[in-house]
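Protein chains: 4
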Amino acid sequence: MEYVEDFKWEKGMSTKDFVNKLGRIGYQSVELQRAAVAMAKMKREGAKIFLTFTSNMVTSGLRGYFAQIIEKGIAQVCVTTVGGIEEDIMKADGEKFMLGSFHSDDYENHEKGLNRIGNVMVDNQSYMKLEDKLLPILAKLYEIKPRWTPSEIFREIGLMLNDESSILYQAAKKDVPIFCPAITDGAFGFHLYLFQQNHPDFVVDVVKDFEKIVLCTDHNEKKAVICLGGSISKHHAILATLLNGGAEYAVYMTTAKSSSGSLSGATTQEAKSWGKIKDDTDAVTVHGDVSILFPLAMTLTMEILDEEGLLE
Amino acid sequence: MEYVEDFKWEKGMSTKDFVNKLGRIGYQSVELQRAAVAMAKMKREGAKIFLTFTSNMVTSGLRGYFAQIIEKGIAQVCVTTVGGIEEDIMKADGEKFMLGSFHSDDYENHEKGLNRIGNVMVDNQSYMKLEDKLLPILAKLYEIKPRWTPSEIFREIGLMLNDESSILYQAAKKDVPIFCPAITDGAFGFHLYLFQQNHPDFVVDVVKDFEKIVLCTDHNEKKAVICLGGSISKHHAILATLLNGGAEYAVYMTTAKSSSGSLSGATTQEAKSWGKIKDDTDAVTVHGDVSILFPLAMTLTMEILDEEGLLE
Amino acid sequence: MEYVEDFKWEKGMSTKDFVNKLGRIGYQSVELQRAAVAMAKMKREGAKIFLTFTSNMVTSGLRGYFAQIIEKGIAQVCVTTVGGIEEDIMKADGEKFMLGSFHSDDYENHEKGLNRIGNVMVDNQSYMKLEDKLLPILAKLYEIKPRWTPSEIFREIGLMLNDESSILYQAAKKDVPIFCPAITDGAFGFHLYLFQQNHPDFVVDVVKDFEKIVLCTDHNEKKAVICLGGSISKHHAILATLLNGGAEYAVYMTTAKSSSGSLSGATTQEAKSWGKIKDDTDAVTVHGDVSILFPLAMTLTMEILDEEGLLE
Amino acid sequence: MEYVEDFKWEKGMSTKDFVNKLGRIGYQSVELQRAAVAMAKMKREGAKIFLTFTSNMVTSGLRGYFAQIIEKGIAQVCVTTVGGIEEDIMKADGEKFMLGSFHSDDYENHEKGLNRIGNVMVDNQSYMKLEDKLLPILAKLYEIKPRWTPSEIFREIGLMLNDESSILYQAAKKDVPIFCPAITDGAFGFHLYLFQQNHPDFVVDVVKDFEKIVLCTDHNEKKAVICLGGSISKHHAILATLLNGGAEYAVYMTTAKSSSGSLSGATTQEAKSWGKIKDDTDAVTVHGDVSILFPLAMTLTMEILDEEGLLE
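Chains A, B, C and D are the protein sequences, given in the same order.
Each residue of the first sequence is one higher than the one before, starting from -10 at the first, in our numbering.
Each residue of the second sequence is one higher than the one before, starting from -10 at the first, in our numbering.
Each residue of the third sequence is one higher than the one before, starting from -10 at the first, in our numbering.
Each residue of the fourth sequence is one higher than the one before, starting from -10 at the first, in our numbering.
Heads up, some of the hints might be wrong.
Because identical chains share one entry, a pair is satisfied inside a single copy or across any pair of copies.
[Stated by the list, open to error] Here are the simulated lysine to any residue pairs, SDA-like style, with alpha carbons at most 25 Å apart:
(1) 61 - 6
(2) 101 - -9
(3) 85 - 9
(4) 101 - 88
(5) 118 - 99
(6) 163 - 210
(7) 118 - 163
(8) 101 - -8
(9) 211 - 99
(10) 134 - 200
(11) 61 - 90
(12) 267 - 91
(13) 267 - 88
(14) 211 - 97
(15) 134 - 191
(16) 61 - 117
(17) 134 - 184
(18) -3 - 37
(19) 0 - 269
(20) 85 - 201
(21) 265 - 103
(22) 61 - 3
(23) 101 - 295
(24) 30 - 205
(25) 201 - 135
(26) 30 - -9
(27) 265 - 9
(28) 85 - 60
In short, the hints are calculated from the structure, not lab data.
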């Protein structure tokens, strides 16, 4: 039995010590520390780790962290939405996003050509430059063959980028597939459509990518999911592991609520129905904003793995 | 200026009167009544209405209501996630889903072969029967041509169903396209994959469907979005209208919060940055569970439209 | 076993039929209908019903509904926060509150002397008139005795009002005590303080009111709580029933989440630990905005009770 | 203009560096870092700081942190609910609270005599010992005089405790008043009631405490509020500063939503209507669980104040 302990500030406290202290406060702080420990255990036990995130997280500074996590060998498979792919490329290309306010005037933002995503601002120009970048890439790929899966396209783009902080770059380098079941749901979709106008036999084969994600693991391999936010990214990773017998480890971080029956809000309680979770400590849900929860928990995870020599 | 009015129960009160009274209570009740009025205005003004919903809503009894709304000519375009397609077909095939508890034992559910989606239970058998149903359909389609878009597939299936309460059935009948940018993210994806194993040239062309949704309207046509829940359904409809200059009307209903920067939680405040919303009353966000909010608001909308002779 | 049923709009549908149909949709709609049935059962079984609400609900048009519910004999004890008392008096005095926007400019509101409570606006003038009203009342009470409990004060004020839609008026008429454990937390507190300056022996005896709420029921009587929102109102009613052995029935409606460990967000799952809930159907939590959920559910409750001749 | 920066883990990173990096990620992480800076500014500018928290936070390990914050001179006035007072005394008396699960069986907990508050468990024994402790204290106070305000009672108890981690102890030592407008809403209320049974002239004067909180500051003094969670604690501090012309600084941390019109969910946007906030950076709302957000932000605040020699 563990007991609540009074938290006290100590000058110069490390983040690792901080998160360990959180583990004795109560409520979500305790779940956060448990999530950090569960994420270290996944890696230690050799599970194949599926990391899922939504595009607004790639808009944020978590983008470089996802790249680092792939580089350090913590994630073996990624699933995301296509906006995240676009913004990773834009950033690798030198585009910068601005910090603003949740309450800025949206009419004014429109006049200035700014897109507001919460308190982050993206200039329309950044999207325009993406077009200049993507069309030649599609042309190059088409020269090789007319039929591509989304994960193949992302891998090729990753190989062309030159940015250590890029998700696509690190994923390509580490042979981590990036799945995106809705590749047309964004500017990327628009550019694919433009390209297909002039190359009618160009096709994006999403069914083949389903095969790839289903066959990227098997029933005998240990599996883990780290789901940040909800959306189809979360759903797709859970589906892929379920078709392989279910995951042994699951960490969810989300602001969504389970009361509406959406999978985005489903907690790891439900994960127990997969029949593979052996221990309550292997399935942890933390409620709150991923932009705080994830770097905080994962910092402890990385410190633990580093001490054990498990970071690549 | 409108004033708060004391709500009073009256014996036998109609739902229409009830929702109109809500409009004078305060907080979300007021926004709900405003949403109902905005949805009636969209139709009256001849806007092309994009209705988006997530699959958990099709799991619920809202499924038959979406079908009715299409039948009555209120929605001209639908966007959803693939789970909703699957369950619409399962229900059209006679499958029944059970009402249970948010707190039932998930280990026990697993033993009984029940999938829990909030307080709704779906028998694994229902998914198995879907396989028996889908594979022959895919074979038929393949005989016609090897390359299909998701919306084309759903239309063909709709034509084969015989259930007035089916979304696909009514959509096919009324020529309402159903878009689903992530067709592989569910059991449907698995069956497509199995089929492609034996028919390697079978391909689902999602890029072509992007063309279809972009070209289904234009800059001159008035446009409206009714977004229930978040997810890529919401994002995709907004994207399609934005590429055509933005929507004039927007109603969002969601439990998601805007504080995390996700589009699922974005409110219609943000919609003002599209530059087309002329009047605050044309863009309404209602916070809460769609399973209550939507039938309540839409009932008033339909009563208004019925009186005006605008229901088909 | 109950099954999900497709919801369909029917012209002129009554609110009663509507809510009964909600009971077959899924997610919160089902919980809402269950709550309505549980509230009817409480009354039918002769339980003493504690109704709790927060002051923002009295700001809204729910105020007249609470009065009607007391009049019809559905609530036997009320607990609220003091803002609700103030606004009930202001409204009984003819003050009107305006409907506005969640997004109106708060600097501008300040200039105009408007207080914004969500999308409801209260003129500062309304608060000033309250002072003119309260001070003579306190003087009258002081003539009788110098030591009063909050519930005694509210009862005396209720007897002086002449407004069928007033909570205090109906409560005084029906001998329903109104408890408010934090009587100083609002403008009321300020007026009590001003009065005490000139009458140092004037005292508000909150301890005595605790005796009153604890002794207003007993272990043998059946007890029920209907808690709208969280706050000390909810806590106080639960505490009073717990000291009498726990309630047999509980309905909570709230937007708060249980993840932070606050009682405001605690669900009726926790109520089971009181040891008196015999049946899952007697303890229901509905997540969402009370301004919609409560009038909707309570309308069905009142229709049921009316049919059974149980409304006073 | 500040830009989003990629977050990267660095071995041994201090919490201070971590929070500063959060300030460049986006969404709530940015607001959290802004809150930390605003809290340092309040102190630097010599504002009188009102710290408010709810009792579930005192149940948790934040209790010792609140004591430390008072000791270091960061809070000059506290407002809380009475459960927090009770648990501070219980802990000062050696009672320990256990860490458990949000999903433990509440029937079982009831059998074992455990009260579950989220994932924290409190033994019924701890409440019983409180009775043995409180009654003699009340007897002692009564010997001095029969009429006490809540803040006077808490101060006297604080002087009797001997625990550096106790809120009451540090507050008494530093002459920080603790206000609790609903002193009877908990076990404390029950003991006051028992005592009053035998000492009918014993009275708790809540009106006098309202005078004390209103007069503890004035229009000329700079004022600040740090509101953790909602409830009457938050409302009471805002009311007290408003009666003195409004606060210049405000930091809110909460899981509540503004959509229901409750003050618990009101953001610092609304605080601008007080007319005293000069700069957007002086009013910050962070959405999420206080058990994580507060220690994280306040750690940066304390590091800043420590460097500037502003900690006592």
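Verification of the supplied hints:
1. 61 - 6: both (22 Å within a copy, 21 Å between copies)
2. 101 - -9: between (54 Å within a copy, 17 Å between copies)
3. 85 - 9: between (34 Å within a copy, 19 Å between copies)
4. 101 - 88: Only inside one copy: residue 101 and residue 88 sit 15 Å apart there, 32 Å across copies, limit 25 Å.
5. 118 - 99: Result: close within a single copy only, 19 Å intra versus 44 Å inter.
6. 163 - 210: Close inside one copy (19 Å), not across copies (48 Å); limit 25 Å.
7. 118 - 163: neither (27 Å within a copy, 40 Å between copies)
8. 101 - -8: The answer is between: 17 Å across copies meets 25 Å, while 54 Å in one copy does not.
9. 211 - 99: Between copies only: 20 Å across, 48 Å inside.
10. 134 - 200: Both: 19 Å inside a chain and 22 Å across chains, each within 25 Å.
11. 61 - 90: neither (33 Å within a copy, 32 Å between copies)
12. 267 - 91: between (42 Å within a copy, 18 Å between copies)
13. 267 - 88: between (43 Å within a copy, 20 Å between copies)
14. 211 - 97: Close across copies (23 Å), not inside one copy (51 Å); limit 25 Å.
15. 134 - 191: Result: close both inside a copy and across copies, 8 Å intra and 16 Å inter.
16. 61 - 117: Classified as neither; 33 Å inside a copy, 40 Å across copies.
17. 134 - 184: Both. Shortest intra-copy (14 Å) and inter-copy (22 Å) distances satisfy the 25 Å Cα cut-off.
18. -3 - 37: between (37 Å within a copy, 23 Å between copies)
19. 0 - 269: neither (34 Å within a copy, 29 Å between copies)
20. 85 - 201: neither (33 Å within a copy, 33 Å between copies)
21. 265 - 103: between (46 Å within a copy, 16 Å between copies)
22. 61 - 3: The answer is both: 21 Å in one copy and 21 Å across copies each meet 25 Å.
23. 101 - 295: Neither, since 45 Å and 41 Å both go past 25 Å.
24. 30 - 205: Close inside one copy (21 Å), not across copies (50 Å); limit 25 Å.
25. 201 - 135: both (18 Å within a copy, 21 Å between copies)
26. 30 - -9: within (20 Å within a copy, 37 Å between copies)
27. 265 - 9: Neither: 27 Å inside a copy, 39 Å across copies.
28. 85 - 60: Result: close within a single copy only, 22 Å intra versus 43 Å inter.
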